[in-house]
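Peer 1: This is what each chain is made of:
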Amino acid sequence: NAGVTQTPKFRILKIGQSMTLQCTQDMNHNYMYWYRQDPGMGLKLIYYSVGAGITDKGEVPNGYNVSRSTTEDFPLRLELAAPSQTSVYFCASSARQGGGISTEAFFGQGTRLTVV
Amino acid sequence: DAKTTQPTSMDCAEGRAANLPCNHSTISGNEYVYWYRQIHSQGPQYIIHGLKNNETNEMASLIITEDRKSSTLILPHATLRDTAVYYCIVRADRGSTLGRLYFGRGTQLTVWP
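These protein sequence lines map, in sequence, to chains A and B. The first sequence finishes on residue 116 if you use this note's numbering, and the numbering steps up by one all the way, no holes. The second sequence finishes on residue 113 if you use this note's numbering, and the numbering steps up by one all the way, no holes.
Keep in mind that a hint or two might mislead.
To spell it out: a stretch of chain B is covered by chain A in this simulated footprint if at least three of its residues, at any positions, have a beta carbon under 8 Å from a beta carbon of chain A; those stretches are [as the list claims (entries may be wrong)]:
1. 40–53
2. 101–111
What the simulated footprint calls covered on chain A by chain B, stretch by stretch (three residues with Cβ under 8 Å from a Cβ of chain B suffice, anywhere in the stretch; the number is not a length) [stated by the list, open to error]:
3. 38–44
4. 107–113
If you're looking for bench data, these hints aren't it; they were derived computationally from the structure. It should be emphasised that the depicted structure is a prediction, and the values quoted were computed from it without experimental measurement. Note that the Cβ used here is the ideal one computed from N, Cα and C, for glycine as well.
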């Protein structure tokens with residue numbers, strides 16, 4: 001039972017490079033989220049999606065882009081990496097119940113990104 | 001913005017109950033109280049949630065005050081593996097903020113032998 005899978009687990013980027021953080025879930029969840037966590041801090045919401053083809057900004061979206069072409073996948077794109085984007089990135093998903101209620105979120109194990 | 005206030009750190013002896021408090025004085029009528037924990041920088045793990053009634057599951061109990069302005073997460077018999085950062089989060093299950101979780105810094109719980 002894989003749950004939420006993130007790849008890669010670790011990555012070092014040079015300033016100005018781009019990369020895509022992959023996230024896939026096998027629970028058929030409608031809702032997916034991307035968070036970042038800086039050292040000693042709580043998680044900050046970057047982007048979220050309520051279903052395929054629908055995405056919206058969270059608290060800290062600048063410097064990132066997302067797409068949601070399928071229910072399973074929710075990749076996060078960094079176009080021009082900056083040192084301020086050094087962080088741990090978590091993807092999460094939750095199910096949509098009747099009446100639009102969201103269940104609890106399940107998180108992946110994170111991608112540790114360093115920009116130098 | 002995180003709408004909760006938690007102590008920065010707490011400790012507890014192994015085998016004893018750990019009681020983690022949370023203040024959420026501005027909670028709205030349609031907002032639930034959720035608790036997650038994060039063990040050593042792994043992905044956060046769901047523990048329990050509630051609206052206004054006390055809740056219990058295999059991991060913990062959640063006690064919510066009658067005015068809903070505060071709550072306590074209880075780990076009845078803490079073990080060393082319960083050492084983690086515990087996050088108390090208020091979240092609407094309907095409406096424009098549907099499903100989104102806003103994390104504060106949480107409480108670092110250390111369980112000692």
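Peer 1: If any of the earlier hints don't hold here, list their numbers in rising order.
Peer 2: Every hint satisfied by this model.
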